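Novice: Below are the chains, spelled out letter by letter.
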Amino acid sequence: MIEQLSVDDAAKLIKSESSIMVGGFGNIGNPKQLIDKIADGNATNLTVMANDLGTPNVGLGRWVTENKIKKAIGSYFTYNKDVARKYREGLIELFMMPQGTFAEAIRAGGVGIGGFYTRIGLGTELTEGHETKIIDGIEYVFAKALHADFAILHAKKADELGNLIYDKTARNFNPIMAMAADYCIVEVEEIVPAGSLSPEEIVTPFVFVDALVLVERSCCQHG
Amino acid sequence: MIEQLSVDDAAKLIKSESSIMVGGFGNIGNPKQLIDKIADGNATNLTVMANDLGTPNVGLGRWVTENKIKKAIGSYFTYNKDVARKYREGLIELFMMPQGTFAEAIRAGGVGIGGFYTRIGLGTELTEGHETKIIDGIEYVFAKALHADFAILHAKKADELGNLIYDKTARNFNPIMAMAADYCIVEVEEIVPAGSLSPEEIVTPFVFVDALVLVERSCCQHG
Amino acid sequence: MDEELVKIRIARRAAQELPNGSVVNLGVGIPTMVADYLPDGKTIYLQSENGMLGVGPSPTPDAVIPNLINAGRKPVTEIAGTCYFDSAVSFGMIRGGHLDTTIIGGLQVSETGDLANWQVPGKDVLGAGGAMDLVVGAKQVIVATQHTAKDGAPKIVRKCDMPITAYQAVDVLITEYAVFRFDSEGMLLEEITSDITLDELKAITPATYRISPKLVVREV
Amino acid sequence: MDEELVKIRIARRAAQELPNGSVVNLGVGIPTMVADYLPDGKTIYLQSENGMLGVGPSPTPDAVIPNLINAGRKPVTEIAGTCYFDSAVSFGMIRGGHLDTTIIGGLQVSETGDLANWQVPGKDVLGAGGAMDLVVGAKQVIVATQHTAKDGAPKIVRKCDMPITAYQAVDVLITEYAVFRFDSEGMLLEEITSDITLDELKAITPATYRISPKLVVREV
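Chains as they are written, first to last, in the working numbering: chain A, 384 to 606; chain B, 384 to 606; chain C, 86 to 305; chain D, 86 to 305.
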């Protein structure tokens with residue numbers, strides 16, 4: 384059953400040493416208020432799985448500034464020059480994956496697939512040391528599923544059961560991360576009665592969602 | 384670019400010895416007119432990938448009656464007692480997979496994944512002789528991606544570009560099979576101008592679709 | 086005992102196992118009946134593996150909705166909050182451990198929790214459908230079945246000799262006479278009905294099981 | 086030659102390569118400009134790997150739509166027929182071979198079609214984003230790049246010494262001076278612009294390449 388939490392209470396659930404998936408791509412579709420509240424809190428040594436780490440001191444960039452992150456797994460951290468500096472200084476550990484392999488590994492973790500074979504990245508630095516396999520004459524490289532303790536996500540709207548819909552390119556990693564964490568918290572701009580969303584348009588079925596955090600719509604306009 | 388074909392012309396594309404994915408579950412969400420037209424045609428020795436083979440002489444059951452099928456890959460053929468008889472007589476080859484592994488293998492074929500590891504079916508008859516692997520202490524069994532020459536599918540509505548939406552549980556295997564064939568033909572009840580479907584509600588992006596076959600809505604009511 | 090009454094007794098007892106608000110997949114047969122015997126005030130959400138969450142009750146014959154069936158190919162209805170998805174998402178939900186419970190029938194259950202329920206000997210069963218996925222994927226597996234086969238043969242055995250659906254998969258086994266729970270030490274008898282003695286139960290149950298010190302005798 | 090004009094020349098030539106109606110992903114830089122130089126009457130459909138098919142042109146500054154960006158994080162618009170999907174579907178589309186073409190920049194291209202374009206030496210590039218996925222997944226890979234680096238160093242080389250994005254991945258290489266196509270025998274010069282000679286081209290192109298018997302000299 385879905386819980387409705389305040390931003391404060393939801394942020395407090397995240398403890399130090401947790402692994403946490405964060406939705407969003409280039410600061411679009413990320414749960415801004417949860418990110419900021421966790422930045423202000425005490426949790427540290429987090430393992431973060433996110434496409435990128437925002438921009439300097441914005442979005443997940445705030446977690447970089449506040450030294451919340453022990454290790455980041457994602458596809459492109461270049462947007463945020465603070466990450467490069469901390470990486471050179473050995474203050475943050477990075478695991479970089481091709482973006483599609485990262486997305487597929489999250490989905491795999493969500494749907495109970497242990498790992499999969501892809502041609503992407505074969506022979507490159509990003510798959511160095513990974514197992515390879517020939518399937519029907521084509522060489523593939525192994526990628527292991529990703530899973531996290533928490534997911535913090537953003538959606539446009541939820542119904543009271545927790546079914547979710549998204550807005551344009553703010554969808555990105557949110558639907559797959561919703562499946563791949565033990566506890567999935569979604570920041571939404573609106574909660575509507577069950578039955579208000581068309582059964583055909585629901586993107587994330589409520590069974591993947593554990594908690595909703597309702598935030599003011601005005602503060603969540605992106606772009 | 385999408386083609387619009389008549390049922391006749393679409394059915395004629397299917398040649399003997401082709402592999403072909405057919406959408407539907409228990410005769411719901413299957414492309415009834417295409418199935419019937421192919422049953423009436425000359426193509427034979429088909430390798431069919433479908434959840435089931437319909438019921439006796441209905442849906443894919445007609446292909447069983449007409450001896451169109453060399454081999455069927457799917458999850459549950461028991462609905463159709465003709466299949467059992469032909470199987471016992473050695474007239475049809477069957478490859479049976481757990482339903483979720485079958486679905487995932489189709490999706491894998493559609494998204495360029497060579498194969499994956501699942502816990503489902505481990506140690507059972509359905510995975511006899513398949514490779515196993517320990518990932519993080521848990522034993523998994525390998526499943527290889529499926530791919531076909533053709534997919535014949537059913538959707539409720541397409542726009543002129545080929546974007547698709549479905550109706551209720553008639554969705555089932557159609558969206559994943561749309562990705563996993565070289566040439567994807569979709570039987571639809573309505574074709575609307577591009578822009579008529581909400582960008583958020585489109586289930587199958589047009590890039591997966593090669594041809595649309597418009598059929599009378601009255602003849603496609605299921606249930 | 087009338088077979089229909091036996092089935093109702095099993096379904097009613099299984100319904101008690103489900104926490105309010107849980108997400109459940111019901112197999113064909115007795116499991117399907119569980120939805121009709123939920124205690125007052127308890128809501129569960131049904132998933133159907135052909136791509137639906139929030140399955141409503143059967144429609145009246147004149148209100149059948151085209152394209153709306155459950156995995157048993159029976160017409161169903163929507164509830165407020167129903168959603169649809171494709172088969173890969175549906176089994177992702179199942180395999181990924183997102184269902185609270187699956188209730189499924191059984192041909193044989195072993196004392197280690199192995200389940201055989203897909204291949205009926207002597208019958209033409211061609212494929213397991215979604216049974217293997219459900220039994221491995223769901224967080225809790227409840228087998229709801231008559232205690233013995235129609236011919237009187239035991240179903241609750243030391244070791245399955247029918248083709249296996251999944252090993253060490255069963256969490257709870259509910260029959261018309263007993264409720265067994267499986268833990269790391271094996272099989273535990275937790276509840277027995279008032280119309281059978283422990284000795285009589287033992288006689289129709291070849292599996293080795295412990296008897297709970299808190300054994301409940303349920304009046305029937 | 087003015088750098089902006091060089092880029093436009095490359096983009097305009099790349100635009101000619103795209104069949105009408107093709108589905109294309111454009112990388113940042115010169116590739117993004119290709120959409121602005123399509124010949125009259127040609128329509129292409131743009132995919133953006135952050136989850137959009139049918140990307141429209143940039144909005145005017147006062148018409149920016151919240152939550153609508155391309156993978157280069159620039160505001161874009163919808164067209165008639167746009168659809169959105171999650172990142173796993175987006176890269177499924179890419180990896181599964183459903184895009185006709187990706188046009189992407191290059192730091193180095195080898196004579197065997199290897200591409201290096203993600204790790205700029207001496208710069209803090211942390212991750213390849215979607216570059217590897219696109220270059221391996223798309224049916225056709227067009228590299229659109231200036232012929233030499235800013236410092237004059239060759240980009241079209243015998244063997245890449247920068248970190249590789251993908252091996253034997255490039256189908257067409259378009260620079261301000263030349264169009265090369267890759268086939269099973271290696272690299273073939275198909276077109277040269279009228280403001281450079283074959284010898285001059287050779288001097289700035291260390292890679293080994295054949296010259297097409299049907300070599301086109303394009304007036305510029």
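If you're looking for bench data, these hints aren't it; they were derived computationally from the structure.
Worth double-checking, as some hints may not be accurate.
Derived lysine-lysine pairs resembling BS3-like cross-links, with alpha carbons at most 25 angstroms apart [as the list claims (entries may be wrong)]:
hint, chain 1, residue 1, chain 2, residue 2
1, C, Lys-127, B, Lys-454
2, C, Lys-235, B, Lys-464
3, D, Lys-208, A, Lys-464
4, D, Lys-159, A, Lys-539
5, A, Lys-415, A, Lys-464
6, C, Lys-224, A, Lys-527
7, A, Lys-527, B, Lys-527
8, A, Lys-464, D, Lys-159
9, B, Lys-469, C, Lys-208
10, B, Lys-454, B, Lys-398
11, A, Lys-464, D, Lys-224
12, B, Lys-527, B, Lys-464
13, A, Lys-415, D, Lys-159
14, A, Lys-516, B, Lys-516
15, A, Lys-527, A, Lys-453
16, B, Lys-454, B, Lys-395
17, A, Lys-453, D, Lys-208
18, B, Lys-516, C, Lys-224
19, C, Lys-235, B, Lys-453
20, A, Lys-454, D, Lys-224
21, C, Lys-127, C, Lys-208
22, B, Lys-464, C, Lys-159
23, B, Lys-415, C, Lys-224
24, B, Lys-398, A, Lys-516
25, A, Lys-539, A, Lys-527
26, B, Lys-464, C, Lys-208
27, D, Lys-287, D, Lys-159
28, A, Lys-469, D, Lys-287
29, C, Lys-235, C, Lys-92
30, B, Lys-516, A, Lys-527
31, B, Lys-539, B, Lys-415
32, C, Lys-159, B, Lys-539
33, B, Lys-527, D, Lys-224
34, A, Lys-516, D, Lys-224
35, A, Lys-453, A, Lys-464
Keep in mind that this is a model prediction, so the values were computed, not measured.
Novice: Taking 25 angstroms as the top limit, are the C-alpha atoms of B/Lys-516 and C/Lys-224 close enough?
Specialist: Roughly 22 angstroms separates the two Cα atoms, so the pair holds.
Novice: C/Lys-235 and B/Lys-453: Cα distance at most 25 angstroms?
Specialist: With Cα atoms ~37 angstroms apart, C/Lys-235 and B/Lys-453 exceed 25 angstroms; violated.
Novice: Check the hint pairing A/Lys-415 with D/Lys-159 against an upper bound of 25 angstroms on the C-alpha distance.
Specialist: At roughly 19 angstroms apart (the allowed maximum being 25 angstroms), D/Lys-159 and A/Lys-415 satisfy the hint.
Novice: Regarding the pair C/Lys-127 and B/Lys-454, is the alpha-carbon distance no greater than 25 angstroms?
Specialist: Answer violated: C/Lys-127 to B/Lys-454 is near 47 angstroms, above 25 angstroms.
Novice: For the pair we were handed, D/Lys-159 and A/Lys-539, check the Cα-Cα distance against 25 angstroms.
Specialist: Since the Cα atoms of D/Lys-159 and A/Lys-539 sit roughly 21 angstroms apart, the hinted pair holds (cutoff 25 angstroms).
Novice: Are C/Lys-224 and A/Lys-527 close enough, with their CA atoms no more than 25 angstroms apart?
Specialist: Cα-Cα ~22 angstroms, so holds.
Novice: Given the proposed pairing of A/Lys-516 with B/Lys-516, does the C-alpha separation stay at or below 25 angstroms?
Specialist: The hint holds at about 13 angstroms.
Novice: Has the given pair, C/Lys-235 with C/Lys-92, been kept, meaning a C-alpha gap of at most 25 angstroms?
Specialist: holds, 13 angstroms
Novice: With the threshold set at 25 angstroms, check whether the alpha-carbon distance from B/Lys-415 to C/Lys-224 stays at or below it.
Specialist: violated, 37 angstroms
Novice: Could you grab the alpha-carbon distance between A/Lys-539 and A/Lys-527 and see if it respects the 25 angstroms cut-off?
Specialist: Judged against 25 angstroms, a Cα distance of about 30 angstroms means the pair is violated.
Novice: Is D/Lys-287 close enough to D/Lys-159, meaning Cα to Cα at most 25 angstroms?
Specialist: Violated, at roughly 38 angstroms.
Novice: Between C/Lys-127 and C/Lys-208, is the straight-line Cα distance small enough, at 25 angstroms or below?
Specialist: Given that 25 angstroms is the threshold and the Cα spacing comes to 38 angstroms, the pair is violated.
Checked against the numbered hints above, the structure violates hints 1, 11, 12, 19, 20, 21, 23, 24, 25, 27, 28; every other hint is satisfied.
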